[in-house]
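Engineer: Sequence:
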Amino acid sequence: MSNRYYTIRLKRVAARRARARRKRSRPKSFKTEEAANNWAKDNKIANYELKNLKNPGNKLKKIVVVPQ
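Going left to right, the sequence shown walks through residues 0 to 67 as numbering that gives the first Met the number 0 numbers them.
Hints in this document: simulated from the structure, not taken from any laboratory. Worth double-checking, as some hints may not be accurate.
Calculated pairs, DSSO-like style, for lysine-lysine (alpha carbon to alpha carbon, straight line, at most 27 Å) [what the hints assert, rightly or not]: (1) Lys30 to Lys61; (2) Lys61 to Lys22; (3) Lys61 to Lys50; (4) Lys30 to Lys10; (5) Lys43 to Lys60; (6) Lys10 to Lys43; (7) Lys27 to Lys58; (8) Lys10 to Lys27; (9) Lys10 to Lys40; (10) Lys58 to Lys40; (11) Lys43 to Lys53; (12) Lys58 to Lys30; (13) Lys30 to Lys50; (14) Lys40 to Lys50.
Cβ pair distances, simulated, as ranges [claimed, not checked]: (15) Arg16 to Asp41: 31 to 37 Å; (16) Ile44 to Arg23: 19 to 25 Å; (17) Arg11 to Leu49: 29 to 35 Å; (18) Ala14 to Leu52: 51 to 57 Å; (19) Arg23 to Asn46: 20 to 26 Å; (20) Arg15 to Lys61: 29 to 35 Å; (21) Gln67 to Tyr5: 53 to 59 Å; (22) Ile7 to Asp41: 47 to 53 Å; (23) Ala13 to Leu59: 35 to 41 Å; (24) Pro55 to Ala19: 34 to 40 Å; (25) Asn57 to Arg25: 45 to 51 Å; (26) Asn57 to Lys27: 45 to 51 Å.
Quick reminder that beta carbons are idealized off the backbone N, C-alpha and C, glycines included.
Between the sequences and the hints, there should be enough to build the whole structure, so can you do that?
Structural biologist: And the structure:
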């Protein structure tokens with residue numbers, strides 16, 4: 000059974016969700032330094048620094064290319 004008000008509410012909820020999804024873009028991250036270097040080379044970034052976002056004691060890596 001459909002209701003006109005229910006349909007209007009669904010459209011409003013969908014519009015609210017679409018507005019909430021707008022997030023700022025994050026920098027691309029990599030698991031290895033080799034992959035980060037290759038990506039920087041492919042995107043023609045000359046001066047850059049590799050920054051590890053994980054803690055130094057952590058075995059896993061999350062590397063971000065930071066242009067200078």
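Engineer: If a hint holds in the structure, say so; if it doesn't, say that too.
Structural biologist: Verification of the hints:
Distance hint between Lys30 and Lys61 is fulfilled; the C-alpha atoms sit about 5 Å from each other, no more than 27 Å. A C-alpha spacing of about 21 Å is found between Lys61 and Lys22, which places the hinted pair at or below 27 Å, so the restraint holds. Distance restraint check for Lys61 and Lys50: the Cα-Cα separation of roughly 8 Å lies within the 27 Å cut-off, and the hinted pair is therefore satisfied. As the CA atoms of Lys30 and Lys10 are separated by approximately 40 Å, the hinted pair breaks the 27 Å bound.
The suggested pairing of Lys43 with Lys60 holds, with an alpha-carbon distance near 23 Å, which does not exceed 27 Å. Distance hint between Lys10 and Lys43 is unfulfilled; the C-alpha atoms sit about 44 Å from each other, more than 27 Å. Proposed proximity of Lys27 and Lys58 is supported: the alpha carbons are some 20 Å apart, at most 27 Å. The hinted pair formed by Lys10 and Lys27 fails the criterion: a straight-line CA distance of about 34 Å is larger than 27 Å.
With a C-alpha separation of about 45 Å, the suggested pairing of Lys10 with Lys40 is violated against the 27 Å cut-off. For the proposed pair Lys58 and Lys40, the alpha carbon gap of about 26 Å is at most 27 Å, so the pair holds. About 26 Å separates the Cα atoms of Lys43 and Lys53, which keeps this hinted pair within 27 Å; it holds. For the hint pairing Lys58 with Lys30, the CA-to-CA distance comes to about 11 Å; that is within 27 Å, so the pair holds.
Under the criterion of a C-alpha separation no larger than 27 Å, the hint pairing Lys30 with Lys50 is consistent with the structure, at around 11 Å. Distance hint between Lys40 and Lys50 is fulfilled; the C-alpha atoms sit about 16 Å from each other, no more than 27 Å. For Arg16 and Asp41, the hinted distance range of 31 to 37 Å is satisfied, since their beta carbons lie about 35 Å from each other. For the pair Ile44 and Arg23, the beta carbons lie near 20 Å from each other, so the given range of 19 to 25 Å is met.
At roughly 45 Å, the beta-carbon separation of Arg11 and Leu49 lies outside the given 29 to 35 Å, and the hint is violated. With their beta carbons about 34 Å apart, Ala14 and Leu52 fall outside the hinted range of 51 to 57 Å. Checking the proposed 20 to 26 Å range against Arg23 and Asn46 shows it holds: the Cβ atoms sit about 24 Å from each other. Taking 29 to 35 Å as the suggested C-beta distance range, the pair Arg15 and Lys61 conforms, at roughly 32 Å.
One distance hint, 53 to 59 Å for the beta-carbon pair Gln67 and Tyr5, holds here, with the actual separation near 55 Å. Hint check: Ile7 to Asp41, Cβ distance near 48 Å, so the stated range 47 to 53 Å holds. Checked against the given bound of 35 to 41 Å, the beta carbons of Ala13 and Leu59, roughly 37 Å apart, stay inside it. About 35 Å separates the C-beta atoms of Pro55 and Ala19, a value consistent with the hinted range of 34 to 40 Å.
Taking 45 to 51 Å as the suggested C-beta distance range, the pair Asn57 and Arg25 does not conform, at roughly 19 Å. Here the CB-CB span from Asn57 to Lys27 is close to 20 Å, at odds with the stated 45 to 51 Å.
When each numbered hint is compared with the structure, violations occur for hints 4, 6, 8, 9, 17, 18, 25, 26.
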